[in-house]
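Add 38 to a position in the sequence shown, counting from 1, and you land on the number used in our numbering.
Hints listed in this document are in silico derivations from the structure and should not be mistaken for laboratory results. Hints may be right or wrong, so weigh each one.
[To be verified] Derived pair list, reagent style EDC-like, types lysine to aspartate or glutamate, alpha-carbon separation capped at 16 angstroms: (1) K57 to D185; (2) K170 to E129; (3) K156 to E129; (4) K57 to D100; (5) K156 to E51; (6) K57 to E218.
[What the hints assert, rightly or not] Between beta-carbon pairs, the in silico distance windows are: (7) E207 to I131: 20 to 26 angstroms; (8) H178 to G133: 15 to 21 angstroms; (9) S99 to M120: 29 to 35 angstroms.
For clarity, every value in this text was computed on a predicted model and none was experimentally measured. C-beta: ideal position from N, C-alpha, C; glycine also.
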Amino acid sequence: MPGRTLAQRLTKEGPLPVKDVAYIIGRIGAALDEAHRRGIVHRDLKPSNVLFDQYGEPYLSDFGIARQAGVGETITATRQAMGTPGYMSPEQIQGNEVDGRSDIYALGVMVFEMLTGKRPFTAPSPAMIIVKQMTEPVPHLRDLRPDVPSIYDQVVAQAMARRREERPESATAVAAQLAEAAQAVSAAANRLAEAIEEMNGRQKEQETAVA
């Protein structure tokens, strides 16, 4: 597919606008839910596996280590890799059975990374990253990006809950919360712009009257 990956976009542009993040997660979330309905878990969701076409539309790629939920055999013959440290869910790290909520965890990591330009857990080695994932709380998103809606912190924390029972049931549920908050931010920005324009208009009228 022509274009670039989400990882490449983040490297070039850094943190993305809230509305862009909501849109990308909406598209990827829909693709994930469709896979989950078919009993397929991606297991390696990360920015380098999201591709943009020539029109800027995002697509989920690389189901190379996808596994049918609850089944021991991989969909492909690939067994070497089980995921990527930093994005792998705790149950993947522990070698337990996975389901769609394992991908929800990685989706939460991606939201954090798209908004801050950084992954929630970083360390010099993969082993140290995994230790952090299993022992440390999810960092507060707004500590790095204060301008994002406060609910985004909650969405990321829920998606990255260590216990999968505490995560949202679907990727589109995550996307819906992000989209709703993004729309609220956009509406507030429009109201602010209108108010500023109105104030500037009144100021010009007053200056004209004084002159």
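Consistency of the hints with the structure:
no. : hint                             : in the structure
1   : K57 to D185                      : holds, 13 angstroms
2   : K170 to E129                     : holds, 14 angstroms
3   : K156 to E129                     : violated, 23 angstroms
4   : K57 to D100                      : violated, 25 angstroms
5   : K156 to E51                      : holds, 12 angstroms
6   : K57 to E218                      : holds, 10 angstroms
7   : E207 to I131: 20 to 26 angstroms : holds, 21 angstroms
8   : H178 to G133: 15 to 21 angstroms : violated, 30 angstroms
9   : S99 to M120: 29 to 35 angstroms  : violated, 18 angstroms
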